[in-house]
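These are the residues of each chain, in order.
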Amino acid sequence: MGHIDPSLVDWSRAQFALTALYHWIFVPLTLGLTFIVAIMETIYVKTSDEWWKKTTRFWMGLLAINFAIGLATGIIMEFEFGTNWSNYSWIVGDIFGAPLAIEGIMAFFMESTFFAVMFFGWDKVSKRFHLLSTWLVAIGSNLSALWILVANGWMQHPVGMRFNPDTARNEMVSFWDVLFNPNAYTKFLHTISSGYVLASLFVIGVSSWYLLRKREIKFAKRSIVVAASFGLLVSLFNLTTGDDSARQIAVDQPMKLAAMEGLYEGKPGAEIVAFGILNPDKKLRDSTDPFLFKVAIPEGLSLLSYHRLDAYVPGIHQLVDGSKEHNILSVAEKMKRGRKAVEALAAYKVAQKAGDKEAMKQALATFRHYSAYLGYGYLKNPEQAVPPVATTFYAFHTMVGLGTWFILLFFLILYAAITDRLQKLRWLLWAGVISLPLGYVAQEAGWITAEVGRQPWAIQDMLPVGMATSNLSTSPVMLTFWLFAILFTALLIAEVKIMTAQIKIGPKEHDHV
Amino acid sequence: MFEKLSYLTLQEYWWFLIGLLGALFVFMTFVQGGQTLLYRLGKSEAERDLIVNALGRKWELTFTTLVMFGGALFAAFPLFYAVSFGGAYYVWMAILFCFILQAVAYEYRKKPGNLYGERTYEIFLFINGSLGIILIGIALGTLFTGGHFVVNDNHLSHWTRSSYGLEAVLNPFNVAFGLMLFFLARILAALYLIDTVDEAAIIARARSVLKIETILFLILFLYVAGSIVSMSGYGYDPQTFKVAIVPHKFMHNLVAMPLVAASLLLGAVLLLVGIGMDLFTRYDKGIWPAGLGVVLVVLSLFSILGYNHTVFYPSLDDPQSSLTIRNASGSRYTLVAMSYVSLMVPLVLGYIIAVWRAMNRHKMTLQEVENDPHHY
Numbered sequence: 001m002g003h004i005d006p007s008l009v010d011w012s013r014a015q016f017a018l019t020a021l022y023h024w025i026f027v028p029l030t031l032g033l034t035f036i037v038a039i040m041e042t043i044y045v046k047t048s049d050e051w052w053k054k055t056t057r058f059w060m061g062l063l064a065i066n067f068a069i070g071l072a073t074g075i076i077m078e079f080e081f082g083t084n085w086s087n088y089s090w091i092v093g094d095i096f097g098a099p100l101a102i103e104g105i106m107a108f109f110m111e112s113t114f115f116a117v118m119f120f121g122w123d124k125v126s127k128r129f130h131l132l133s134t135w136l137v138a139i140g141s142n143l144s145a146l147w148i149l150v151a152n153g154w155m156q157h158p159v160g161m162r163f164n165p166d167t168a169r170n171e172m173v174s175f176w177d178v179l180f181n182p183n184a185y186t187k188f189l190h191t192i193s194s195g196y197v198l199a200s201l202f203v204i205g206v207s208s209w210y211l212l213r214k215r216e217i218k219f220a221k222r223s224i225v226v227a228a229s230f231g232l233l234v235s236l237f238n239l240t241t242g243d244d245s246a247r248q249i250a251v252d253q254p255m256k257l258a259a260m261e262g263l264y265e266g267k268p269g270a271e272i273v274a275f276g277i278l279n280p281d282k283k284l285r286d287s288t289d290p291f292l293f294k295v296a297i298p299e300g301l302s303l304l305s306y307h308r309l310d311a312y313v314p315g316i317h318q319l320v321d322g323s324k325e326h327n328i329l330s331v332a333e334k335m336k337r338g339r340k341a342v343e344a345l346a347a348y349k350v351a352q353k354a355g356d357k358e359a360m361k362q363a364l365a366t367f368r369h370y371s372a373y374l375g376y377g378y379l380k381n382p383e384q385a386v387p388p389v390a391t392t393f394y395a396f397h398t399m400v401g402l403g404t405w406f407i408l409l410f411f412l413i414l415y416a417a418i419t420d421r422l423q424k425l426r427w428l429l430w431a432g433v434i435s436l437p438l439g440y441v442a443q444e445a446g447w448i449t450a451e452v453g454r455q456p457w458a459i460q461d462m463l464p465v466g467m468a469t470s471n472l473s474t475s476p477v478m479l480t481f482w483l484f485a486i487l488f489t490a491l492l493i494a495e496v497k498i499m500t501a502q503i504k505i506g507p508k509e510h511d512h513v
Numbered sequence: 514m515f516e517k518l519s520y521l522t523l524q525e526y527w528w529f530l531i532g533l534l535g536a537l538f539v540f541m542t543f544v545q546g547g548q549t550l551l552y553r554l555g556k557s558e559a560e561r562d563l564i565v566n567a568l569g570r571k572w573e574l575t576f577t578t579l580v581m582f583g584g585a586l587f588a589a590f591p592l593f594y595a596v597s598f599g600g601a602y603y604v605w606m607a608i609l610f611c612f613i614l615q616a617v618a619y620e621y622r623k624k625p626g627n628l629y630g631e632r633t634y635e636i637f638l639f640i641n642g643s644l645g646i647i648l649i650g651i652a653l654g655t656l657f658t659g660g661h662f663v664v665n666d667n668h669l670s671h672w673t674r675s676s677y678g679l680e681a682v683l684n685p686f687n688v689a690f691g692l693m694l695f696f697l698a699r700i701l702a703a704l705y706l707i708d709t710v711d712e713a714a715i716i717a718r719a720r721s722v723l724k725i726e727t728i729l730f731l732i733l734f735l736y737v738a739g740s741i742v743s744m745s746g747y748g749y750d751p752q753t754f755k756v757a758i759v760p761h762k763f764m765h766n767l768v769a770m771p772l773v774a775a776s777l778l779l780g781a782v783l784l785l786v787g788i789g790m791d792l793f794t795r796y797d798k799g800i801w802p803a804g805l806g807v808v809l810v811v812l813s814l815f816s817i818l819g820y821n822h823t824v825f826y827p828s829l830d831d832p833q834s835s836l837t838i839r840n841a842s843g844s845r846y847t848l849v850a851m852s853y854v855s856l857m858v859p860l861v862l863g864y865i866i867a868v869w870r871a872m873n874r875h876k877m878t879l880q881e882v883e884n885d886p887h888h889y
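As you go down the protein sequences, you meet chains A and B in turn.
Under the numbering used here, read the first sequence as residues 1 to 513, first letter to last.
Under the numbering used here, read the second sequence as residues 514 to 889, first letter to last.
Simulated from the structure, these hints should not be mistaken for laboratory data.
Backbone N, C-alpha and C fix where the C-beta goes; we use that ideal spot for every residue, glycine too.
Among the hints, a few may not be true.
[To be verified] Coverage of chain A stretches by chain B, computed from C-beta distances (three or more under 8 Å per stretch; other residues unrestricted):
no. : region
1   : 69-77
2   : 95-107
3   : 163-176
4   : 258-264
5   : 496-506
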């Protein structure tokens, strides 16, 4: 299927990663803050207390600043599937395009239509219609997350399709399988709840700063109560969805799980690493200890992955070289089978051109026999099947560590707020402020775990990234990478400046409302 | 229900939806047109704020329509998505850059601490409204004039020119198409503002803009229309799918599809009626007949591109690589599934119209913008 320059693959990945990481700075806050303002506006409509309207409008103002740049990075991602992953767009577009289109029709129009009402409709529509609009923005933005994660979940665990040798692509055979892909749901729930956690941290961070400055006291205290209760609830939910997600990964992407834990040698009753420093000199297949230092919980990984203390968890070595005992095929064997599928597909095409029906039938039978390994046919060596272990490991542990801290923080802050000791506990307020940037770190770490951990696959076991790119030369991608990097960074700095300026002005600005 | 339809009918239905989205997008580019008229129509800061806010109520809808146009193409005609976006790389990337600039400009323009100053964001709006629209027009022009791509047996494609799509700007038809959209956007913007704002000075200026822009638009429109009816197009044999050049292909299509020809004419007349209403009568709702006219014209153009065994994206290097609604579409199963989803379109259009009416019930005034703490 043609030779693709490896540097093109790297630059294409870099560009997509850059866009995704920037996009993911803005989206989680939107996902959560839309709900928080909807809750606040509901309180306003129920109580008719103008103070709540003022509060709602303040947080809404910050939401708008964040929303715009999320939109800007979002449109790029959609089109980058075509511009940078043109082969991908053909090979799986028949399945992947559908959730994206549904996202547009179900969610984007809802968001953008009611967004205008939410911001500019205060005096144009009734109170109740306005409240409905705010809720519809929240629902719309979360629905868009659902569809994009159905798409992403499908990349991690492809279902509901069949390869059509005539068109040389995968075609959808069950919309319901794609829609109800279990991977998509654990991913969706884990992702949106992490967005709610971030939004709670945002409200707490900003409000803590006001309390430290001894200003906007009533506003900050009330906002903190809403955010910490919401935060505690959703972070506990986030914990359970994270647990589901890990189990899903154990089944669908065992290599990712092994990389997340730095597990080279598989074993029953595998331990989970709570904290660890990887040995940078560790090489595949050598006997060096992968860790320089670690604190581990015995049998934790087996419990997490299979909910059984003695369950066997395969390590990177078994997944690469195979294990007869545990019925794991080696990557080399999968590559051999994959190449047979590739050859059979080529033979099918030749026979088709020659009009040789019998040869076509034979080639197709061979292809179907090996098609489950098609993706492996494009790998160059078995080692390629291993994702970057250190990146995946550290990203995963950063996410989990911070997530655990946030649960504790929400609990402490809520407790302090209820017992009215919040202003005295300045260290806790500082913790609230510092945890805001940490929330962003956790968000990005989560994505890095999910996306780096599944390398080299664009579609798990089916399509390696090297086969998925557009057939461009490297220089246009390099050029646009740098242009995006400069532009996004410039806009991010402006966004942060505007946001901090608005926070400094504070809700008082809108006293005349 | 959709399962009973033939594959071809489903492909035609989806081409219609793509055309409809394209048509609605072109109508909604009044937002972009208005962005380029900011200083022509607004002579004071307050007037410019009013214009930005009148447009700002709608910019996201235009943006979403563009995103939806892309999403629907991906789902229904993935080969076009792969070939054109992954090939005419520079053109599409340049368009995307123009839209990133727009997305932040409204929100950041008046905000304290915006770092680069109000003027920078106004320049962003201008770039989006001018370069962005002209480039989209050029990209749409290549549906008639073709691109330099090759598609192999496995349907994987590559571009044959290292200018990756930029060569399209050397074709006068493409450029005229782009400029035509640009002037059309400005006409629609003038009509929209006449309908939306309550500020005599802005309306008077919009009326004078309307005259000049209409003349410029008509010159380009006649050139583009003349080129389309006289140019050769690519057609395919419905049995063998062999592609061949057909002289006066689009003219033939208009003759073969009289309904399309009628809607093209009706659309053009409605556009002129809308402009005429705002220019020569006291009635200020010309945006609606003009808008409907634009939708009809664009839909007709998509129809002559996709229907009647026509190639909608010709390859200039290898005619057999050209894209048609037959060879570029999603599978039958996906088109059926997506057709069920498309039943939501009337609902979506319904709430958009309801919200539009609620939000535009009263004309916008300078006072209203000044009093709104959240104004752009």
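Closer than 8 Å, Cβ to Cβ, for at least three residues: run that test on the region 69-77 of chain A against chain B and report holds or violated. holds (count 7)
Do three or more residues of the region 163-176 of chain A come closer than 8 Å to chain B, measuring C-beta to C-beta? The restraint on the region 163-176 of chain A holds, since 8 of its residues have a Cβ under 8 Å from chain B and three suffice.
Proximity test - 8 Å, beta-carbon atoms, the region 258-264 of chain A to chain B, at least three hits: violated (count 0)
How does the coverage statement for the region 496-506 of chain A fare against chain B, requiring three or more residues with Cβ below 8 Å from a Cβ of that chain? This one holds; 6 residues, not fewer than the three required, reach chain B with a Cβ under 8 Å.
Can you confirm whether chain B covers the region 95-107 of chain A, using C-beta to C-beta distances below 8 Å and requiring at least three such residues? Coverage by chain B holds here, the residue count being 11 at a Cβ distance below 8 Å.
Checked against the numbered hints listed earlier, the structure breaks hint 4 alone; every other hint is satisfied.
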